[in-house]
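> What follows is the residue order along each chain.
Number of protein chains: 2
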Amino acid sequence: MSVTAAKGFTAAGIAAGIKENGNPDLALVVNNGPRLAAAGVFTANRVKAAPVLWSEQVLKGGLVSAVVLNSGGANACTGPLGFQDTHTTAEKAAEVLGHNAGEVAVASTGLIGIRLPMDRLLPGVERAAGELSEHGGEKAALAIKTTDTVHKTAVAGGEGWTVGGMAKGAGMLAPSLATMLVVLTTDADVDSPGLDAALREATRTTFDRIDSDGCLSTNDTVLLLASGASGITPGEAEFTEAVRAVCADLARQLIGDAEGASKDIRIEVVNAASEDDAVEVGRSIARNNLLKCAVHGEDPNWGRVLSAIGTTSAVFEPDRLNVAINGVWVCKGGSVGEDRELVDMRYREVVITADLAAGDASAVVWTNDLTADYVHENSAYSS
Amino acid sequence: MSVTAAKGFTAAGIAAGIKENGNPDLALVVNNGPRLAAAGVFTANRVKAAPVLWSEQVLKGGLVSAVVLNSGGANACTGPLGFQDTHTTAEKAAEVLGHNAGEVAVASTGLIGIRLPMDRLLPGVERAAGELSEHGGEKAALAIKTTDTVHKTAVAGGEGWTVGGMAKGAGMLAPSLATMLVVLTTDADVDSPGLDAALREATRTTFDRIDSDGCLSTNDTVLLLASGASGITPGEAEFTEAVRAVCADLARQLIGDAEGASKDIRIEVVNAASEDDAVEVGRSIARNNLLKCAVHGEDPNWGRVLSAIGTTSAVFEPDRLNVAINGVWVCKGGSVGEDRELVDMRYREVVITADLAAGDASAVVWTNDLTADYVHENSAYSS
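Chains B and V are the protein sequences, given in the same order. Just so we're aligned: 131 in UniProt numbering is position 131 of the first sequence, and the numbers increase by one with no gaps anywhere. Just so we're aligned: 129 in UniProt numbering is position 129 of the second sequence, and the numbers increase by one with no gaps anywhere.
Check before you lean on any hint, since a few could be wrong.
To be verified - So, partial list: chain V residues that the calculated Cβ filter (under 7 Å) puts toward chain B:
no.	residue
1	R46
2	T78
3	G303
4	G310
5	V315
6	A372
7	S379
The set of hints was computed from the structure by calculation and includes no laboratory data. All values reported here derive from a predicted model rather than from experimental measurement. The C-beta atom is built at its ideal place from N, Cα and C for all residues, glycine as well.
Construct the complete structure from the given sequences, taking the supplied hints into account.
Here you go:
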């Protein structure tokens, strides 16, 4: 049901000809109100794509009436002319929808460093506006795919209200750099500050904790739009949990579709002195190429986990570290533990538990294995 | 000529049976004086192998009479018994050489988390002592290889004095985790503080700036031993430059032999606001898996360079960044520059120049491409 699961939203997805292969490449999501509240989080990369720079400005007003999304080009590192292209896109959408361009967000994904074909994109916006529908969520989700093998949608909610969403991305694994684009919609009656608080809390423990290859995109965008069409204002905790549930669902789908990956690795850091420590350790393990290769080879190589922990500033004593792989404590007290032959790593999901023995905080970070297919996909993309 | 190029040193390399395949695996380097001055730098990993913990203590005294090195096992994450093994190794060498065990450094490389076969190692130390020779440098360099395809030696010096050295390691690329072990020797008459100052300055801009896969070993060790046998005390700058030259030569050999690599990538960061900024940016580029894949595919994908720069805290403005690949400025002012088709990436060495347009500091960091062979070697090693 995607972004049209919540009342008050219409969407469309079409093939505008931005992609050479004729696949769908342009999505439009429209908030028909009565509210136009919105919140957004964007990439922390300091080199930001034009649509990110534009949408950050739009979100400062707290109102978003429509989102234009395209695949087939990231519009990143395209200079002032690229920014003008994004501006023109928003103006075109505003014109055909009768909206204010300052309330139209834009998101793009695809190759860096090439201009978008505006002669195809702008007519596409007009055509997409003509196809807007309360059932358009799936088509919109399809149109933002790049190297994704499947489109990603999720829904949650409470009594009488709904949060829905769509996502694209191969968990930052996609090439050049592909992008995590997410649009969430809700018919709950929540104002912009309320949306912002819920979205930041939800993304902090979901999208911020998937890290398939350590590469931070120039285009990452997560938007949450509220129409208020249900007339219901949920409790803050209940609403945040629904947003978090949709984000967690979509984040898990991103990891599951990461480019070239054959394993999804759930890294649980437990007994840390602080949540920050747990996240730092989880991320360090998630980014260790040698460990990611070992998991690919179904090799329970706990030494690489310890070595990754050792590069962090987290509170721990080396001789108190314990590591389990799929439930077998192969490392105890910083040294050899249970027999590594007991570890069964045949299945796609692999769980690595790192016990820091330093407190009671914890965190979960997801990553993927490193494979020859990843190398192949990312060495052969643009040339 | 390796570690016996300088006067006052003898060395040996033998097959002690630590490696199952019968290859050489034990090296001994002895300083016959008259001086026994030494300095060392060790891995920054907080999970340190037993020989690192031992040798750090030895170096605090500033005197090293001998170094025992083994391949075939890292003696990391082996607990108190593993530390005892290192201690016993030093005592055995001291006994057969008539030295003080507190002046015998130990270095190990190989798989993490397994005990060394002391029943083979200790007799090996005795046998190596019997084979010590002024011409033993090559044999010692051969005995510390793990996945290295070639042994690495280098020599520099001034009038009447010499700095020589040997290294093993595949630029931190080696599996599980392989280790960079380096022993440098000199017959210059320099005391321990002088050696320490020269070694830290030399490694800061050489070994510290090669980063083939971002993975920090538990065992990295670089030792510099002075015999004073030349009777000459070079000027501080001249001596430091000779040590730096040997380190730079060995570092370049490590990158050139990195596991699975098909390209050596020289990353030059120029016009940075500070040297720290330049190093941070160089390292970020060196660790970007997507860029490393692109270089493997001979794809001048400058967007991935910008994206890597964007994750740093260095001083720069995105729209003033320039990037050249093999001399072609494919990115100018943060956007498209010269035609990427002009870039020729057929040769093994690839030069990426990142111009931050923020000052006059610079740094060079070396890395390798990411290849399917790297994945294969590191997913199939211990299982």
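> Indicate, hint by hint, whether the structure satisfies it.
Outcome of the hint check:
1. R46: 4 Å, holds
2. T78: 6 Å, holds
3. G303: At about 3 Å, which falls below the 7 Å cut-off, the nearest Cβ of chain B leaves the hint on G303/V intact, so it holds.
4. G310: 3 Å, holds
5. V315: Result: violated, 11 Å to nearest chain B Cβ.
6. A372: The hint holds - A372/V has a Cβ within 7 Å of chain B, the shortest such distance being about 4 Å.
7. S379: This interface hint holds because 3 Å falls under the 7 Å limit.
The structure does not agree with numbered hint 5 stated previously, though it agrees with all others.
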